[in-house]
Amino acid sequence: MYLEMNTDLVIGMAGSGGDGVVSAGDSLMTALALAGYHAMLTKSFGPQIRGGESSFRLRVSTRPVLGPGGALDVAVALNWDDFLKFGAELALDGHSVVIYDSNTRVAPDQIPVAGVRPAEVVAVGIEAMAKETAGSEKAKNTVVLGLMAGWFGLAPQHIRAGLRKRFAKKGEDIMARNERAFEAGLAWAQANPLRTSRALAPVAAGTGAKMVADGNDLCAAASIFAGCQFFGGYPITPSSEVMQFLNREIWKFGGTMLQCEDEIAGIGACVGASFAGKKALTATSGPGMSLKTEMIGLATISELPLVIVNVQRGGPSTGIPTKSEQSDLFQAIFSAHGDAPRPVLAPMNVADTFPVTVEAFNIAERYQTPVIILSEQEIAQRKEAIDRPVTEGVHVEERRAPTEHELEHYVRYRITESGISPISHPGMKGGNYLASGIEHTESGAPTASGSIHAKMNEKRLRKLMPLKGRKDLFVTAGSDSAPLALIAWGSMSGLALEALELAGQAGLQLKILVPRLLFPVAEEVYGDFFGSVKRGLVVEQSHQGQLYRVIRMYVDVPVGLESFSRSGSNPISPAEIVERLRAQARAILEEREPVNQSE
Amino acid sequence: MPTTTLPPDAAIYQSKDYKSELKPIWCPGCGDFGVVQAIYRALAAVGRPPHEIAFVSGIGCSSRIPGYTTAYGFNTVHGRALPIAQGIKLANPDLLVLAAGGDGDGFSIGGGHVAHAIRRNIDLTYIIMDNQIYGLTKGQLSPTSPRGLRTASSTYGSMEDPVNPLLYVLGYGCRFVAQGTPADMAQLGALIEEGIRFPGFAFINVQSPCVTYGEPDTQLKALKQKMTSLQSVGHDPSDRIKAMDLAQHYGKQIYTGVLFRDPEPPPTFGAYVAERHAAMGPSPARDRILDVFKPAE
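Protein chains in written order, with my numbering: chain A, 1 to 599; chain B, 1001 to 1297.
Treat the hints with caution; some may be incorrect.
Stated by the list, open to error - Sample of chain A residues with no beta-carbon within 12 Å of chain B, all distances over it, derived: (1) Ala35; (2) Pro118; (3) Lys170; (4) Gly297; (5) Arg400; (6) Gly427; (7) Pro520.
Claimed, not checked - Here are the computed distance ranges between Cβ atoms for each label pair: (8) Gln48/A x Arg1147/B: 42 to 52 Å; (9) Ala114/A x Gly1112/B: 20 to 30 Å; (10) Met1244/B x Ser290/A: 30 to 40 Å; (11) Ala1285/B x Glu417/A: 28 to 38 Å; (12) Thr441/A x Gln1219/B: 28 to 38 Å; (13) Val396/A x Ala1274/B: 48 to 58 Å; (14) Arg470/A x Gly1029/B: 53 to 63 Å; (15) Gly17/A x Lys1252/B: 56 to 66 Å; (16) Thr441/A x Arg1147/B: 36 to 46 Å; (17) Gly1148/B x Glu417/A: 55 to 65 Å; (18) Thr441/A x Gly1029/B: 23 to 33 Å; (19) Gly1112/B x Thr318/A: 54 to 64 Å; (20) Asp93/A x Ala1285/B: 40 to 50 Å; (21) Ile1012/B x His405/A: 53 to 63 Å.
Hints were generated in silico from the structure; no laboratory data involved. It should be emphasised that the depicted structure is a prediction, and the values quoted were computed from it without experimental measurement. The beta-carbon is built from N, C-alpha and C at its ideal position, and this holds for glycine as well.
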């Protein structure tokens, strides 16, 4: 038997609605987090409201997990019909170990996966074991947890504790049945070792427990940390969890939330709360963003701080509500009529959602502007086991209030050197002013004067310009002098960083730029980055390659910079990225030849 | 429970303290001049200092009104005064919040918000300046234009029935409903004052004629002849069914006064919020929010 300790393992499991697949994924996730592993859990469901097929993909590692991984190391099929419905989401390759329920009556050499010969295929009497030990097929998922613990060393002590906690509520008897099911699975795995051991390497001694969060919940938590006191919104997939989290938590921190009658009222209430002096958040997805657009313009011209989270899904219109896409970048930057672009930020992963959300509030308050956070279904709804975000020493910005002196002759929209004017709010004596969507003079009086309009547009855009120097909102990796470049944003950035590792192994000289600030476009940051670059890719999950086009709108890019983009729900793998880069590296070599000849 | 109380120094405020220096864009003779005067009077009677008042409007001639007061004003976008006003009141319950706009703002483009503001019962006062026409865009049909009205957008006559604002808000359970006109300034000021003092969402429909595009029978002179004080017909404002009965005459008969005032107003949304905050106790340090992500042992 060949012994191998894995530092990284990708597990996928699928079954029908009643099989408890999702709860098995959650149990594993919790146990691994408690044991100190990094992990990423993506759940996937059929389109049914209830029941139907469900699956999870869990990647666990002793190091931070960058992406959901490619082909599965371990696949668990409770039945083949449901497993196959997930197609590329649960892809297998020659390295995979496949575990399935022998009640499917399929011979191990006959499993219905086309074009792949997995490394090992094991039929286990999962349902039989559940019935025998727990007296119910409902315990199938618990048997699988036992098998996982036995074969892969996935934190059995924590799984046991988790099961006890979960089933304690349901009574001694149910708890005992599930414990028997778990131990039976574990014993079966130990008695029937895999040909190739895939046991997970232990975490370094002294590693503490991780916390488990998804992007939506962490975004909501970050808003509380940033001092958000008001949430207004409307339910929409896949962002509703932001509202639901704040509905539970914001009251404890003195804040208020309001589920409104529609998307417009949701952001309207936030605009009102901000006018009243409070930090406000709304969260939505594509269709909701379309509806909120007029209000975003109002916040721009009335210079009110506001944070808007758009958890992107497949579009246009209703599109694919449950799948991720990065196709709302144009909308985030340019929607709303008039000259009204606004800062746009995007987190790279679940953990990054925290600092990016705090920064969005800071920028909104400092520059008195709406700020859009472009999250994605992929980040918002996947769970990650991560280190607790740093909060100590993190700056939290408060809006610039007028001084007593300034309140003596208060001018709300005074044109200052920075473009930022001191902002009062109702209740502040002497700060009384008229806010409006109508163009206004410095004192807030409505005007139709062209020259004032021009000055005010200039002020409102100029105040955002310092953001272009925010190099800290960009992540770079790889060699400074590399001729090959990779630019990616949001969830694609993890894949890009994985591609960087693969490219290194393939001998490619590559560097990476991940903008977390998408607008205003930081020309200098891109310019510096492109210095050594001959060719490169902008990797995105949209049909048009929206970031590629936005960069080209503002920056002189190397002619060899290409867009590599694909509509949502069509995964891009790190291996594919490297394949493209390899072709670009060859092209660079070929280009050099003729240049040399001409000299 | 009422969040708007009379401070002891109320008498120190006069109408002129609420009048700003901005010159109204309204046409001479516009009913809205009367409405803003009535608002000055009501605010002076209530006696809150201007900086503790937030006055929100949508878009339209009448929506310019916050700028003509010394309160914190917010002239927002078309039809959305109510969501914004509710956000303000929830963010700072100590403020006196007024919302105002035209019939198009309130019952056409923003019509969807009215029902929800009513059932949510956030303590604010909503004043509609109802002129049965779109004035700012130069004379098109409005949601309260009568059937058959010929306008810039209904050359051959309107083919629709008008919205009945009074029945609309009564139908959704509004707990304070009044109607006034600038033809009786003393009554209009008193109605607005009463609306402000009412603990909960208060609705006041003001028949405010458009001198430029309005029909002759909607002008002040005609109003004076047509209007009937509810007091004079002995209406009991605690009788909701009777109020709905009288409201049916909207468009034909102009009843002025308090149509309905809930004699036992329930707690406002803000009162529930205060109760919840009290139940939650003092706020923890904000970084403690991350504790919710600790996996349960």
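Verification of the hints:
1. Ala35: violated (10 Å)
2. Pro118: Since the minimum Cβ distance to chain B is about 32 Å, Pro118/A lies beyond 12 Å and the statement holds.
3. Lys170: Lys170/A is indeed farther than 12 Å from all Cβ atoms of chain B, at 16 Å.
4. Gly297: The assertion about Gly297/A is violated, with a minimum of 8 Å to chain B.
5. Arg400: At roughly 18 Å from the nearest Cβ of chain B, Arg400/A sits farther out than 12 Å, so the non-interface label holds.
6. Gly427: At roughly 6 Å from the nearest Cβ of chain B, Gly427/A sits no farther out than 12 Å, so the non-interface label is violated.
7. Pro520: Per Cβ check, Pro520/A is outside 12 Å of chain B; nearest 25 Å; holds.
8. Gln48/A x Arg1147/B: 42 to 52 Å: holds (48 Å)
9. Ala114/A x Gly1112/B: 20 to 30 Å: violated (52 Å)
10. Met1244/B x Ser290/A: 30 to 40 Å: Given range 30 to 40 Å: holds, Cβ gap about 38 Å.
11. Ala1285/B x Glu417/A: 28 to 38 Å: holds (36 Å)
12. Thr441/A x Gln1219/B: 28 to 38 Å: Hint holds: Cβ distance 34 Å, inside 28 to 38 Å.
13. Val396/A x Ala1274/B: 48 to 58 Å: Roughly 26 Å apart at Cβ, these two residues miss the hinted range, so it is violated.
14. Arg470/A x Gly1029/B: 53 to 63 Å: holds (55 Å)
15. Gly17/A x Lys1252/B: 56 to 66 Å: With Cβ atoms ~59 Å apart, the hint holds.
16. Thr441/A x Arg1147/B: 36 to 46 Å: The hint (36 to 46 Å, Cβ to Cβ) holds, given that Thr441/A and Arg1147/B are roughly 43 Å apart.
17. Gly1148/B x Glu417/A: 55 to 65 Å: holds (60 Å)
18. Thr441/A x Gly1029/B: 23 to 33 Å: holds (28 Å)
19. Gly1112/B x Thr318/A: 54 to 64 Å: violated (20 Å)
20. Asp93/A x Ala1285/B: 40 to 50 Å: holds (48 Å)
21. Ile1012/B x His405/A: 53 to 63 Å: Violated - the Cβ-Cβ distance for Ile1012/B and His405/A, about 26 Å, lies outside 53 to 63 Å.
Of the numbered hints stated above, those contradicted by the structure are hints 1, 4, 6, 9, 13, 19, 21, listed in ascending order.
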